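From first to last, the protein sequence lines are chains L and V. Note that UniProt numbering has the first sequence beginning at 1, numbered continuously upward. Note that UniProt numbering has the second sequence beginning at 1, numbered continuously upward.
Hints may contain errors.
Put simply, identical chains are the same to the list, so a pair is met inside one copy or across any two.
Straight-line Cα separation of at most 25 Å, SDA-like style, residue types lysine to any residue; simulated pairs [as the list claims (entries may be wrong)]:
#	residue 1	residue 2
1	K310	T320
2	K310	D177
3	K144	T342
4	K144	V337
5	K310	H326
6	K144	E13
7	K310	D323
Quick caveat, the hints were computed from the structure, so don't treat them as lab data. Quick caveat, the model's predicted, so the values are computed rather than measured.
There are 2 protein chains.
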Amino acid sequence: MSAPVSTPAWTAEDTRRMGEALQLASQGVRGANPLVGAIAVGPDGKVLATGFHRGAGTAHAEADAIRNAEREGTDLAGATMYVTLEPCNHTGRTGPCAQALIHAGVGRVVYAIDDPHDVASGGARTLRDAGIAVESGLLGAEAKRLNERWLVAVRDRRPFVTLHIAQTLDARIAAEDGTSQWITCPSSLTDNHALRARIDAILVGSQTVAVDDPRLTARGEDGGLLEHQPLRAVMGLREVPGAAAVRGDDGRFHHLRTQDPAEALALLFDLGARHVMVEGGSRIIAAFLSAGLVDELIVYQAPILLGSGKTSVADLGIRTLADAQHWDWDESGGGAVRRLGTDLRLHLRPASASGPARPLDLTRPISEGSN
Amino acid sequence: MSAPVSTPAWTAEDTRRMGEALQLASQGVRGANPLVGAIAVGPDGKVLATGFHRGAGTAHAEADAIRNAEREGTDLAGATMYVTLEPCNHTGRTGPCAQALIHAGVGRVVYAIDDPHDVASGGARTLRDAGIAVESGLLGAEAKRLNERWLVAVRDRRPFVTLHIAQTLDARIAAEDGTSQWITCPSSLTDNHALRARIDAILVGSQTVAVDDPRLTARGEDGGLLEHQPLRAVMGLREVPGAAAVRGDDGRFHHLRTQDPAEALALLFDLGARHVMVEGGSRIIAAFLSAGLVDELIVYQAPILLGSGKTSVADLGIRTLADAQHWDWDESGGGAVRRLGTDLRLHLRPASASGPARPLDLTRPISEGSN
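All chains, full assembly: derive it from the sequences and hints.
Structure representation (structure tokens):
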């Protein structure tokens, strides 16, 4: 978090390596943790190891790179570690990266943006105290854009929000008689349950509970419960019936007595949730979209038409096309558009205020002013 | 159209080559003409030339293969020509293929299905009369499935129908205030206009004319008229205003005074149209879908959300999910799912009665009973 001791004079090589670290970062999974990439380069300019962060509960990017180096028997002594986020200083699920970098003997650490967490910050200072050269801010704008929504969530102390929609080609999530199981194909369901097993909480509206009586557990293809189960949250003022499947008997059920998305997220944050998936229905979806509280949108679209029934997104208060909500295709975590069984899986993030996100372009000339 | 003189005893090699011809066929463009592929194999089993049909007005598959052979200076004398549709006998825009095959000196022609046109049939007889061995029916079921909807249109003496939808992620084709220009991106518009320049007629409802006053011409990126212009048809009982842009002054405008899709298609067929693109609005779209008169669906989907406004598909009379209309992804003519500028372009065909179309699988064992 402290300013660099001196203004760094980065070389084109530095910029190229950080660009590669950003590319590595973008292979990660969007969610409660940021997208981070790391690349270790020897004094001779040779790449010694690379790593990236695969999502909450997995190794941080630097740790991943160090582990990959160890596996290959590669010595990182004196190496430069390019990493897109300030190395952490805290002992989380994966141990502090600053200590791991000191232990590995790297000579220099260049990172793109500071860690916004109070708990984690201080990594740069720890590294400097150990005699390692530390520079920050290289391709900082690019790294910020890559993790724009995550940074907002961290700043606002709320969970990162993934919105899940399973719809027909004509954006229906249920037929006129209310039937909705299953609009999407088994592969989409499996994918959705794998997502459920990676997040901290699922959130639906009380209307959805009344109509569909969902379990909201994370289940495998055989129907059995997966190891990690998210919290199951229902928001709304309507009572949740005592016999509702969502209650379960594992203490993970929570009724959030509010109609306000921000309040629901605050309650979930206090329950420890850092990544929430909103699964519907259409009015809850619209409430989160209208409030600007969706960080990531995953749409499973089945090649079927209904022509009537419930549409996926209820009224957003938008009256004219110029006010439409714009989204960018999100290539992280497996791609923006994928065929999944007979369905399409679409992955999007809100269009950044600065216009549609450009893909990282490492072929453009590197100018002095790129930072 | 005549039965083979004797029951052909096809070898695994024959089946493999016809499978390759079907793969070539599927690269073509769906529309007024069928998807057809051809492959010429020498007496030594070596492939001499391949070809496929690229859509109305372009060379037939056999002619394409013969032309490719000529270009390479390859002699087709004594070759076997595998072609997925009976060679035509008529002098159309590209000359009769039967004569071309005779002229090229091929020794044997194997085709998958008979040409269903009265005007074109007789190609097999002409070839036989010239002393060429002719066999038919190899992978006939596969070739029929590839051209299922085209065969229906030919049988019913109606134009092939492409349905065009330009919608948001939540399937809106206009905002609440009626604004709809432009939901999709410039690349999608360019693609749509290139389609318009390939078909015989565009059809919209009179409501769309009243609301949007479209020109329905095929225009290039610079806004200039493309060389080929389709007929511009408006269906419905409502009068088309004298000042409506769709009228133009080139005599290509037609008001079809009917609300019945089948009747509109019959009128267009009598006007010479063999490929019609339906461009909306939602009630016309629903009328064609409900009548089972859509052969191909092209959806441009923009990554934006509206939450209200007009949905792309009006009521289809479907009340429950089990009655939903199913579609198959269509890889022909450039792929089922493509990124086009900031949009997605989806290409689908009605699910065949025999279940979802399997991709051609040339790796599976070829059994005697595969026909």
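To see whether the hints hold, each was checked on the structure:
Taking identical chains as interchangeable, the C-alpha atoms of K310 and T320 lie at most 25 Å apart whether they share a chain (21 Å) or sit on different chains (12 Å). With identical chains, the CA atoms of K310 and D177 are at most 25 Å apart both within one copy (10 Å) and between copies (21 Å). Taking CA atoms no more than 25 Å apart as the test, K144 paired with T342 passes between copies only; the shortest distance there is 22 Å, against 36 Å inside one copy. When the C-alpha separation of K144 and V337 is checked against a cutoff of 25 Å, the pair qualifies only within one copy, where the shortest distance is 23 Å, while the shortest distance between copies is 31 Å.
Taking CA atoms no more than 25 Å apart as the test, K310 paired with H326 passes in both settings, with 22 Å inside one copy and 18 Å between copies. With identical chains, the CA atoms of K144 and E13 are at most 25 Å apart within one copy only, with a shortest distance of 21 Å there and 58 Å across copies. Proximity of K310 to D323 under the C-alpha cut-off of 25 Å is found in both arrangements, the shortest distances being 23 Å within a copy and 15 Å between copies.
In this structure, none of the earlier numbered hints is contradicted; all agree with it.
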